[in-house]
Every structure is written in C-alpha cells, then in structure tokens.
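Just so you know, the sequences run in chain order A and B. Heads up, the first sequence stops at 308 in the numbering used here, and the numbers go up one at a time, no gaps. Heads up, the second sequence stops at 1311 in the numbering used here, and the numbers go up one at a time, no gaps.
Bear in mind the hints are in silico, worked out from the structure with no lab data behind them. Just so it is clear, the structure is predicted and the values come from calculations on it, not from any experiment. Treat each hint with caution, since some may be false.
Rough simulated footprint, nothing fancy, chain A against chain B, three-plus residues with beta-carbon under 8 Å [as the list claims (entries may be wrong)]:
(1) 1024-1032
(2) 1291-1302
Some chain A residues near chain B, calculated using beta-carbon distances under 7 Å [said to hold, decoys possible]:
(3) 4
(4) 87
(5) 210
(6) 214
(7) 251
(8) 255
(9) 262
(10) 265
(11) 271
(12) 272
(13) 274
(14) 278
C-beta: ideal position from N, C-alpha, C; glycine also.
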Amino acid sequence: MSFLLGTSLLAIITALACALPGVFVVLRRNSMLVEGIAHAVLPGIVVGYAFTLDLDSPWLIVGAALAGLLVVLCNEWLIRTGLLIGDAPQGLVFPALFAAGVIMITLDFNHVHLHTHVVLIGDLNLAAFQQLTVNGVSIGPQYLYVMLAVLVVNVAFIALFYPRLKLTTFDNEFATVLGMRTGLLNTAFMFLVSVTVVAAFHAAGALLVISLLVAPGATAHLISRRLSVLLVLTAVFAIVGALAGFWIAYALNAATSAVMAVFYGFMFVAVAVADTLATRVRRHRRTEATSARRHRPTHGKTDSAHSP
Amino acid sequence: MDLIEFFGNHTFRMVFFGTMLIGIVAGALGSFAYLRKQSLISDVVAHSALPGALMAFLIAVTVFEANGRNMLGLIVGAVATGTLSALFANAISARTKIPIDTAMAISLTVFFGAGMILLRIIANGVFPGKGGIDDYLFGNASVITIADLTTSAAVGALALALMLVFWKEFTLRTFDPTLSTMLGFRARIIDTLMFTTIVIAIVIGVKAVGVVLMIAFVVTPPAAARQWTSTLPGMVALSGVFGGIGSGVGAYLSIVTGNIPTGPVIVLTLFAIFLVSLLASPRRSVITTALRRARAREDLRRELLNEMADR
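Could you build the full structure based on these sequences and the hints that come with them?
Structure, rendered in structure tokens:
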C-alpha cells in the first residue's frame, strides 16, 4: 500500500473511530468534559510510554485511558460534595493532570522523548510511518490497524447498547426508574471515549482530538431529527472532513489535525447557515401558503392579498 | 538557594513578580466567572488567544518591522481572537440547537487549530525573532522583560480598576440579573465589561504561562477561596491572594528545582491550595461536612434513646 493511501486511510479511520462515540458525547452534553479527558490522559501516556516504549501499545492505551476516567470520576465526586457551583468542577482537575504530564516530559521522565508539539497536535504522518508488512508485502501503517480495532470496539459497543444508550441519553431519569444501571453505563461509555482519545492521540494530539470527537456529530445534529440518521450523517461528515483535511494539509505542508479542526469548523458553519436559510425559506413558503388559503374565499385572487 | 540570592537575580525577580501579577489579576477577576458559572469559557478564550498573539507577531514583524513579542501587540491580538471565539460559541448556542458545551468545544478547536497552522507558517518562514515562539503554548516566564511587566501591570490594573468602578453593577448582575435589568442597568453593557476584564486577566498570562494552562489561573483560586468566605469582597480578595501566593511559590519552586517550566508548577501549587481548601477549610469543606453530619447523627441517636428511656 502506498504511503499516501495508507495515511489518508488512517485519517479516515481515526476520524470515524472518534466521531461515532462523539455523537453521544454531544447529545449527553459532555463535550467539555471530554476536552478535560483529552488533556488528562497526558501523564498516563508519559508513564505508559516509559514502560512500553511504544505509543501504539494496547497496555499504554488502556492505562492512559484510566487517567482520563479519573477526570470523569473526580468531576462527579466534586459535584457531589455540593461545595462547588457551575462548570468549575470540570475545569479544576484536568489542568493539574496536564501540568503533571508536561513536567514529566520536561524532566525527561525515564528518558521519554516526546516533543510537546506532537503531544499537542499529534503527527499523522509520523504515526503512519511504521508500516506493517505481511510476507514482505506492505499492508498499510501499523497504526491503522490499532485505530481499526478501536473503531470496531466502538461500533460494537454502540450496536450492543444502542437502546440503553439512547434511553439514558434522552431521558436518564426514566432509565433510572426502569432500574437501568445508568451510572455504570455512563462510566463504561466514558472509559471507551477515553480509550478512543488515547488511541487517536498519536494522530491528533491532546488539544485537537476533541474536534474529531465533537465536530462531525454537532454538524450532523444540526440537520437530523433521528438518532439513526444522525449516526449515518456523522460518519459522512467525518469522512469528508478527514479526506479534505488530509489533502489540504498535504498541499499546505501543515499539521493534519489542525487543518482538520479548522475544516470541520467551516463545515459546521456552512451547514448551520444553510440550515437556517432553508428553514427561513420553508417558513416563508408556509406563511405564504396559509395566507393564500386564508384570503382565497374573500378575494378570489391570492396575489394582491400578500402581507409584506 | 536563599531568598537574598533569589531576589538578587534579575531574571528570577522578573519571573517571580511577573507570574504573581498574573496570579493576582486572574484570581480576583476569575471570581466573577466562577460565580456566574462560566468558568469553562475562560478555557476557550485562553486557547483562542493563540492565533491572535501569533497574528500580532506576524504583523509587527512584517508590517512595522518591530519587536514581534511586544506585550501590547500581543494583548491586543489575543483579546481580539479570544473575544471572537467566545462570541462565536455564544452565537452557535443561541442560533442553533447545539448546546453551549459543544459550541465551546467547536469554537476552541477551530481557533486553536488556526493557531497551530499559523505556528507552522512562522516555523517554516523567515521572520526575525521567531525562535521560541512555541513558548506561547506552555509559557516561558524567564523571557519576561521590564517592559512586559509594566505593560502587564498597567493593563491588569486597568481591569481591576474597571472591576472596582463597576463593583455595584457587577455584583447585582451576578447575583440577581433580573433585578439588575429592572433597575435599568443595561445587561449587555455590564456583561461586555465584565467579560472584557476576564479576557484581559487571561491574555496577560499568555507569554509567561501559555494558552493551554491559563484556565487553571482563572478557575482554581476562586474555587479555593469560596470555601473560606461567604462575602463577595472577601472572595475576590482571597482569590487574588491565593492566585498571587500560588504563583509566587510555584515560580520559586520551579526556579529552585532548576529545569522545570514555571506554568505547570504554578498550576500544581494552585491545585494543592484548592485541595486543602476543599478538604479542610473550617467553614465549608468535605471534612467539616462529614463531622457535622456525624455529630447530627449522634445527637439524633441520643435524643431517640432518651425518649425511649423516658417512656
């Protein structure tokens, strides 16, 4: 497989693996919590890297994901103490964990040579550098298969728990009344999100992985009213954004994840504006139609009866 | 290293006073963000300050052929993009069905992504004084100059002065927005003013602390101060003091231990202050609450036992 094909495939698979659980992150209003997770996994990654010396190692991914889960659990605990208000609990824990990670990196913790730039925005091309060969034939970057595994796990989780996820997302209290273990499901889901964040870290970095998670789902949320449609549209937007982001970045010689984040932003705004305009046109037509109907019996003609 | 040696060194003095200033201003003004339950918007503003600071650098270097790290230019650029990002997030949540937290995440990543692209452009091009421009990410307190310090102090003092002048309006708007509007105060003007002061508090930290960790300076001190006091003046003052002490101690520790960047050490110091406050402040804290509950339970038990014995 050629390097370009392998890398653009990696971009697509990474975008999909992030975007699908991202739909539920958007709907459950956890976006900024996931932003916190993305920062908090840094010390986990540094420690994990010191032990495994391999950013793609499954042990590193699961271990670092636990650090991300720590933010979720601490957030819940801080809210439960009742001593803090607003969204402050979400903003208290992750900077401390991130700072600890940065200090570990600068202290050259166990000779971990991670460049802060890579930590922040990742490097897709670097991630795709190590090729996997079977019988002497290159079958794409090794990392592609790591992300593919994450994608499969995510899809399996969503498929398996689809009714429960749907119910807890839209009516958590009802789900609790039904006797569903909503807390457990939420923790499991957040752990999965955390795993995804760590896995995508290599390609997208701590600060922009949140864009891959949230932006396609938010864009699709603008124009869909059914969860199934939302999931399909999200996948479409994720693929379009990944391809466009990858090729624009390639042409501009810029970081893929940064270009993808900006492109996703433009896509979101374009869809939002188009949707607003379409709604306005639809509403205009509807009022025209109703006013036409209302005036027909008296005037006979509709054209003169339009209100401005 | 003893204190005389520490304060005898020009760079150390700059680091110490520079970060302390940031801590005091951000801590005091962060109280309002905390009380209005809008702590996380400061994360968006801080990240989005990056493209503005870099654009200010590019314009200063290419158009005016001036020093690209000029503090005033940095502040103007960072305030511009930081404010834009917050407006963008608010516009998304007001005009579409997207909730505010997702709107903030989108706005943050778009602006930060643009910043990272600009950073790459600067790294690839030929610009005087571009070395170490990466420092805007995690900050580098050791490059603070006297000119930076005086500019930051002046702008920070302006923000604090605005807060004092509009104290009554800010308080009313924070605790009873409806009454404030009924009394004839323009909500939009007060919100803009309050928000501007918070943005200023954030961007003066970009150079020394960096855009990524600045949120801790705005969120942590008020959350700690709230556990010790129940009045607004007390909270603003204490939050400023916590911010100042945390920054001073953190800066000292980072210099004494050597090679550790200042920003992250300060963040950990602030977090330690917060943890102590949350767990053990005498008035409201986890331990006090637990003790009070245990005592109440004990009292109730004794009362019930007495009642049974009386019968």
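Index of numbered hints that the structure contradicts, given in increasing order: 1, 2, 3, 7, 11, 13, 14
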